[in-house]
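Enquirer: First to last, the protein sequences are chains F and X. Numbering of the first sequence is given in numbering that gives the first Met the number 0, commencing with residue 0 and proceeding in unit increments. Numbering of the second sequence is given in numbering that gives the first Met the number 0, commencing with residue 0 and proceeding in unit increments.
Think of the hints as simulated: they come from the structure by calculation, not from any bench. There may be inaccurate statements among the hints.
Said to hold, decoys possible - Quick list of in silico lysine-lysine cross-link-like pairs, DSBU-like style, CA-CA up to 35 Å: (1) K7(X) with K161(X); (2) K184(X) with K137(X); (3) K184(X) with K73(F); (4) K151(X) with K7(X); (5) K137(X) with K70(X); (6) K151(X) with K161(X); (7) K70(X) with K151(X); (8) K35(X) with K184(X); (9) K161(X) with K70(X); (10) K184(X) with K33(X); (11) K33(X) with K186(X); (12) K113(F) with K35(X); (13) K73(F) with K113(F); (14) K151(X) with K113(F); (15) K35(X) with K187(X); (16) K73(F) with K70(X); (17) K35(X) with K186(X); (18) K151(X) with K137(X); (19) K116(F) with K35(X); (20) K161(X) with K137(X); (21) K116(F) with K73(F); (22) K113(F) with K137(X); (23) K35(X) with K73(F); (24) K116(F) with K70(X); (25) K33(X) with K187(X); (26) K184(X) with K113(F).
The chain contents come next:
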Amino acid sequence: MSNEKSNVPMIMGIIGGVIGLPSAVCAGACVAGLSSLSETSQDASDLGSTYLIMGVLGSLLGLYSGIIGKSKPKLSGILFLIATFMSGITMIAGNMIALIVTILFLIGSVFSFKNSKS
Amino acid sequence: MFDHIEIKYFGNISLYNLLIGLGIIFGILYFNYKNKDLTEEYNFKVFNILFSSLIFGFIGSRIFDIIFFYKSLSIDNFLYGSSTFMGGLLFSLISIRIISYIFRINFFSIFNSLVPFIIISHFFGRIGCFLAGCCFGKESHNDYLFGVTFPKDSIPYNFYGKETLIHPTQLYESFLLLLIFFIIKNKKNKITPYLIFYGTTRFFIEFFRNDPRGEMIINLLSPSQFLSLIFMIIGLIIYFLDYYKRIRLNDIKIAL
Numbered sequence: 000m001s002n003e004k005s006n007v008p009m010i011m012g013i014i015g016g017v018i019g020l021p022s023a024v025c026a027g028a029c030v031a032g033l034s035s036l037s038e039t040s041q042d043a044s045d046l047g048s049t050y051l052i053m054g055v056l057g058s059l060l061g062l063y064s065g066i067i068g069k070s071k072p073k074l075s076g077i078l079f080l081i082a083t084f085m086s087g088i089t090m091i092a093g094n095m096i097a098l099i100v101t102i103l104f105l106i107g108s109v110f111s112f113k114n115s116k117s
Numbered sequence: 000m001f002d003h004i005e006i007k008y009f010g011n012i013s014l015y016n017l018l019i020g021l022g023i024i025f026g027i028l029y030f031n032y033k034n035k036d037l038t039e040e041y042n043f044k045v046f047n048i049l050f051s052s053l054i055f056g057f058i059g060s061r062i063f064d065i066i067f068f069y070k071s072l073s074i075d076n077f078l079y080g081s082s083t084f085m086g087g088l089l090f091s092l093i094s095i096r097i098i099s100y101i102f103r104i105n106f107f108s109i110f111n112s113l114v115p116f117i118i119i120s121h122f123f124g125r126i127g128c129f130l131a132g133c134c135f136g137k138e139s140h141n142d143y144l145f146g147v148t149f150p151k152d153s154i155p156y157n158f159y160g161k162e163t164l165i166h167p168t169q170l171y172e173s174f175l176l177l178l179i180f181f182i183i184k185n186k187k188n189k190i191t192p193y194l195i196f197y198g199t200t201r202f203f204i205e206f207f208r209n210d211p212r213g214e215m216i217i218n219l220l221s222p223s224q225f226l227s228l229i230f231m232i233i234g235l236i237i238y239f240l241d242y243y244k245r246i247r248l249n250d251i252k253i254a255l
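Can you make the complete structure from the sequences, with help from the hints?
Expert: Below, the structure written as structure tokens:
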């Protein structure tokens with residue numbers, strides 16, 4: 000039965016998603032701003048957009064994984080791992096909140112795989 | 000102000016976002032609690048609808064802000080603009096209608112089962128608004144019973160230019176949402192009372208709000224009041240045309 004499964008992936012995914020989204024937007028803007036000091040503005044803008052898209056997609060994927068965590072735990076676990084990777088990459092941009100988000104997604108992933116076995 | 004939690008070496012976490020997250024969590028927990036007997040397949044479909052409605056809701060809330068505040072349609076205005084609940088709700092409902100059609104799930108049944116989720120998330124979201132200082136009210140003219148002051152550098156402080164007693168409209172709305180939740184929670188048809196009660200609540204709360212309310216071509220009502228009236232009318236139509244009789248949660252399993 001679905002209600003015997005843990006709610007942890009759902010909680011981790013949603014909390015990670017809601018704090019990861021704004022920080023990803025911030026990180027994208029920061030990278031574009033900082034990089035523009037040393038590179039051409041086009042390169043800086045591209046780099047910022049890459050981090051922004053990566054962070055936003057990672058957070059959305061984490062949020063989605065959390066929401067489907069109980070009904071499709073295996074799929075949720077795999078998506079959580081991808082979201083962990085995507086959010087983790089934005090740490091390069093100095094987005095330290097992404098570290099928290101990455102840890103939350105990783106915990107969500109572990110519990111999702113645990114749910115899939117129950 | 001309590002608009003964020005500061006974590007040393009990491010940065011700030013917005014309490015507004017965190018409370019919206021808590022609202023979604025409690026909303027889902029309540030949905031799972033009330034729908035224990037539903038299959039995993041059905042749950043998967045419902046949560047896909049829920050996720051898409053969250054995304055469309057976010058997009059709608061920003062688009063309404065751009066429309067009613069006459070902002071230019073740009074990525075910056077979209078990403079860094081403010082959100083309006085009514086726009087979000089409207090877009091969410093449209094997305095629920097479309098995706099429930101794709102999944103062959105009865106729209107009224109799914110909307111009916113998601114009404115408590117919407118109320119719970121909204122309740123937490125308004126508390127988040129209070130902590131962030133947005134959606135603030137008019138001056139309460141030294142009425143200490145219904146007046147709160149926001150500290151320096153908060154949004155209301157910057158708006159009024161001083162510390163003054165204002166109506167905590169965010170808390171009024173939270174309290175009334177809680178009341179609506181307890182009124183509808185055991186009703187079969189939750190859609191009609193939700194649309195009528197929330198529409199009425201929002202219509203009157205708008206008179207106490209003083210943050211920028213947006214503009215319409217005819218400025219008799221604010222955009223949110225106009226939408227509130229539409230929601231109330233839709234609620235009545237659903238009731239009088241017996242659409243609520245289509246709410247049969249168990250039938251969804253047959254449809255799958």
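Enquirer: Holds or violated: K33(X) and K186(X), Cα atoms, limit 35 Å.
Expert: Holds. K33(X) to K186(X) sits at ~13 Å (cutoff 35 Å).
Enquirer: Compare the distance between the alpha carbons of K116(F) and K70(X) with 35 Å, and conclude whether the hinted pair is satisfied.
Expert: Judged against 35 Å, a Cα distance of about 51 Å means the pair is violated.
Enquirer: Would the hint linking K184(X) and K113(F) be met if the CA-CA limit is 35 Å?
Expert: 33 Å, holds
Enquirer: With a cut-off of 35 Å on the C-alpha distance, tell me whether K151(X) and K137(X) pass.
Expert: OK: K151(X) and K137(X) at ~17 Å, within 35 Å.
Enquirer: Take the C-alpha atoms of K184(X) and K73(F), compute the straight-line distance between them, and say whether it is at most 35 Å.
Expert: Distance ~33 Å between K184(X) and K73(F) Cα, so the pair holds.
Enquirer: Is it true that the CA of K137(X) sits at most 35 Å from the CA of K70(X)?
Expert: 24 Å, holds
Enquirer: Check the hint pairing K184(X) with K137(X) against an upper bound of 35 Å on the C-alpha distance.
Expert: 32 Å, holds
Enquirer: For the pair supplied as a hint, K116(F) and K35(X), is the alpha-carbon distance within the 35 Å limit?
Expert: The hint holds at about 20 Å.
Enquirer: Mind checking the alpha carbons of K161(X) and K137(X) for me, to see if they're no more than 35 Å apart?
Expert: 13 Å, holds
Enquirer: Compare the distance between the alpha carbons of K161(X) and K70(X) with 35 Å, and conclude whether the hinted pair is satisfied.
Expert: 28 Å, holds
Enquirer: Hinted pair, alpha-carbon criterion (35 Å max): K73(F), K113(F). Please report holds or violated.
Expert: 9 Å, holds
Enquirer: Please work out if K151(X) and K7(X) have their alpha carbons no farther apart than 35 Å.
Expert: Satisfied, since the Cα-Cα distance of roughly 23 Å is no more than 35 Å.
Going through the hint list in order, the structure does not satisfy hints 14, 16, 22 and 24.
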